[in-house]
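Peer 1: So the sequence shown is numbered by numbering that gives the first Met the number 0: it starts at 0 and just counts up by one.
Note that these hints are calculated values from the structure, not bench results.
Be aware that one or more of the hints could be misleading.
List of simulated lysine-lysine pairs, DSS-like, C-alpha gap at most 25 Å [to be verified]:
#1 Lys232 with Lys244
#2 Lys265 with Lys53
#3 Lys117 with Lys188
#4 Lys113 with Lys134
#5 Lys241 with Lys311
#6 Lys246 with Lys265
#7 Lys244 with Lys265
#8 Lys140 with Lys117
#9 Lys246 with Lys140
#10 Lys244 with Lys311
#11 Lys117 with Lys134
#12 Lys113 with Lys140
#13 Lys53 with Lys244
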Amino acid sequence: MLSRISTLLPCIFLLLVSNVTFANGNFNLANTSSPRNTLESFVLHSEIVIDYWKNEQLSMPEAQHAYTQVMRTLDLSLVPNRTRTVVIMERIILLREVLDRIDASIHENPPNFKQVNKTGLQQWRFANTDIVIAKQLHGDKTDQFLFSASTIQNLSRWYRTLALLPYNSDERNDDYQDFLRSPGPLFSKAFIESFPPYMNQLHGPLPLWQWCAVLGVVMICYFLMTLSFLGGKHWNSRWGGKGVKWKAGYIFSHIGVVGILLMARKVIDDGIWLTGSVYQVFTTVFISAQFLFLSLLIMSIFNYLADIYAFKKHNGKQIDSSLITVLARILGGITIAILAIYVISYMGFSISPIIAGFGVSGLAIALAIRPLLENVINGLTLYADGGIKIGELCRYGENLGTIESIGLRSTRIRTLERSLITIPNSEFANIEIDNLERRDKRRMEHILRLRSETTPEQLRVVIVNVRRVLLRHPIIEAEPVRVRLMGVGEYSININVMAYICCRDQEEFMAVQEDLLFAIIDQVDIVGAKIAHSTQYQLVDKADMPTNEQKEEALKSVEKWHEDQNFPFPDFNAEYKYEIKDTIIYPAPSSAVRRHTMT
């Protein structure tokens, strides 16, 4: 009886002291100057924290103060997710369960401050255990005595080892077993206890109600995330046609997904209160998913802003919109890297070893990624040089193609055969590139071949008339214009026609050239000359020659085009193109392709 009273008196005294302290509003700080002080501080404040937890009042100021002081006695450097209350509460309760099963006489053995100064003690170990209170030799808590990081990591093992031993004071309920079955602050204990008894029985490391709750959270998350992506897709399809500023569906989707995952983690952390390795697995998965979608959100925002900026600059014509996109991706990548460092530290992992590892292996990494760095640097050089831009027709080497994209690693080119070629930037930057789109004018040169029976007078008139046509044309550069008799060939008299057309676009050049060639043919017909052809003998059936009626029909068709003001040169009008589009049956009824598709 006396022994029981002697063990109860210290606890009663500590409770009275704590109540008086909190009533007066003086929140004492934990003393960690020696192993004895650290142990006493932990016992005092952990008792308060556990009492408030049992009464579901962990959010009270007194409980939060005591919780903070308990943390000051623990070395949590190796604990992942050490910012989460459920993780720290599990360590606090486990350590109390272990200490309360160790012989009470051992609690009086830790050296005090004077003994530490006298002996220069660095750590103190509870007899026959691996529970150590060690002096911190570096960091913010230098010279403080804390329960060591390895001790905190191995508390679960020591709890299983000592679980069958009696408490060093009066028997009581196992707080850790209650903790495993209890919910977090978001849920009421009375609500959980109202479940059938089998729901509160442990199945593995967790009770059945927690397994069901986690499964429900995962299913709800999946359903809500699917709705979020469908909503973003519907937004773009409905409002995207109004302009670039309205194409924000994917941003809204990613915001919704990040919010859903954040709420799910809140329910798991402060509601379901998973514990142990199960909690670490689930919270790692949710944090990783949240980081992934947050990274996608960041990239979506940067790309969205880049598209808006390019759109404001005359739809990207005044600047290289691909460059803006690449710069946006670089800035987004830097932001994501900073976010990754924060996430790693938030989960309780130290980034110092990672940084040190990069320092040691920096040379090896640099050598390994040298080709990638070359491509990136050459890609930025292509942008800075400004020699090519997206959509421009270029001749690279002996090939022709249109630049489709210039990425950080490679450049993509659409060839004239419509195939897509990908060339690493390090190679493309060293190729001779002829940018055909940058020509201020386009050169047109042809050989006009007339029959050998053409008279000199006819030749002179043709040369003068063709030169006059070129000089009168508003799109032709005045100088140089060349229409010269260049010689007599095997079967023709050759006239060289050369001029510069003031345009850059290929289609416009072809249209103007076509117009000029028709005008030149008309000038040849006016003087009665004929276009020369090869003098090789050919068997020609006179019945195959065009008749006068056919020529009259062609003439009437051209005249009707002029009368209706619907001359189809250089191209059909947009309305006519729309009317005749897809009016041919394909595949044809007799086509082998049609037979294949029908089978």
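Peer 1: Find the hints from earlier in the document that the structure breaks and name them by number, from lowest to highest.
Peer 2: 3, 6, 7, 9 and 13
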